[in-house]
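Turn these sequences into a full structure, and let the hints guide you.
Add 1069 to the 1-based position in the sequence shown for the working numbering, that's all there is to it.
Distance condition first, Cα-Cα at most 25 Å in a straight line; then the derived SDA-like pairs of lysine to any residue:
{"no.": "1", "residue 1": "K1401", "residue 2": "V1215"}
{"no.": "2", "residue 1": "K1310", "residue 2": "E1392"}
{"no.": "3", "residue 1": "K1160", "residue 2": "L1353"}
{"no.": "4", "residue 1": "K1278", "residue 2": "W1314"}
{"no.": "5", "residue 1": "K1372", "residue 2": "N1169"}
{"no.": "6", "residue 1": "K1278", "residue 2": "M1302"}
{"no.": "7", "residue 1": "K1325", "residue 2": "L1391"}
{"no.": "8", "residue 1": "K1367", "residue 2": "R1388"}
{"no.": "9", "residue 1": "K1278", "residue 2": "K1358"}
{"no.": "10", "residue 1": "K1181", "residue 2": "V1215"}
{"no.": "11", "residue 1": "K1257", "residue 2": "L1318"}
{"no.": "12", "residue 1": "K1305", "residue 2": "I1378"}
{"no.": "13", "residue 1": "K1257", "residue 2": "E1319"}
No lab work stands behind these hints: they were computed from the structure.
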Amino acid sequence: MEKDQNGVKMLQTHRNFFYIFLLTLTISFCRVDGARILGVFPHLAKSHFIMDEVLMKGLAARGHEVVVIKRFGNPDNPAYIPVHFLAHSDKMNFYERLLNTVAIVPIKLGYKYLVGYKSEQVARKYFGDSLPPLEEIARNTSLHLVNTHFSLFHPRPFVPAVVEVGGIHLGEPKKLSKEFAEFLDSAKHGVIYLSLGSTVRSDSFPEEKRLGLLQAFAQLPQKVLWKWEADNMPDKPDNVKIAKWMPQLEILSHPKVKVFITHGGLMGTMEAAYFGVPMVAIPLFGDQKMNVKTFVDKGIAVKLDYNEISKEAVLSALRMVLEDPSYSENAKQVARAFRDRPLSAMDTATYWIEYIIRHKGAQHLRSAAADLPWYQILLLDVIAVLLAGIVIIIYVVYLIARILFRVVFSRKSKPAKKSESTNKSEKKKKIQIFQTSHTNSKNTVKSELLLLCSSSFSFVLTRLNLTSFQIYCSTDTFWDHRGTNPVPLNLQPGALTTIPQKWS
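Quick look at the structure:
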């Protein structure tokens, strides 16, 4: 008996040695291009980790050593890229662009000086002061995979190192369990599916909103699947089925599902679009408003405000989607565009990750904009110099025009001055001739007249020894300059004027 056991152990030893030998040959002669990949995903929300979890599993299946920890110079123009928490489309008017710009500034500053500062402190604590700044590490990122797709969301320019892999978590739906399959298959008028994601608990809804939904469902011929986190639901109609967890992909892929009532999260709306299911969306926070706005603009969703949830509002939104065939047709068109791509999202992601590995970081994909400050990216320094140059040119042209204007008009005004002086002389002669022809009672000439011209071409009377005289000039202002202070005289041109006694 012992000999048999020893023989079996020896046989197992030889067999294990043979397997190790084969494995050694395989490693020696077959090239294995495996890489050590660390995935750091610190966000606590499960929906934010779904995409990354699927990607890491896909890389591990291709032979890479993957370790996961849960937790770019690309254009980011607020003129057509809306902030995620604002319900704007990519076609914004002036007021919306103003709000979008005002909103994006505190977001970037807050991320840099609040989140970035705290992250820098934590990194220094655990990795030491020799660690490069986190902002520099972020700028040196070789590849950025984004969970979007141009067929669903607003098209925007991407540098080569930014790759869209929207829908990477979407695979072939699995077979439904008997419980859900029977419920869906037996729905003659279709099924309405309600789920508010993994973060929001619908059982925490206020009573009036829950009753508003239930009363609306009770008046519809469709069946309702509701992801309800509690064990039971008071006042539940017969056409409503609740469950704490539901296979969402498999449910949305079922042909009997007519409407998806969602909170507007990225993953859920993307899944509905992939399977061509129109939506009634109740956005609550975060990026949900922007997601819902996008799908409303595409004609595949109706927005239902949370504060307006009532029996009438729910019925109106559901009947709009159920009775208007354009919602279903638009949803199917979006699904076709979303699925139409040369490679699946998973194959696209793994290709580019392995591309980066093969080319040792692929620095040739890196945009120079990653090293530029924001004012250089927006060309504000260039615009400032150009504006300053334009202002200087305009000012120089103004000065030249002003000088030329003075030169030209000064030449034209000289003959005019000459003629004015001639007129003054003529007027002066007329008055002098008149005054010399007048004598007093003794027939002796006692006239002594001094005429001066002021800046306003008014004659000034300084001294006069006549008893009376007549003025031929057109002026109406004369001054007595004999004293210290000139005194105005009320003399009428062309009238016979008597000399005051004090002048004698």
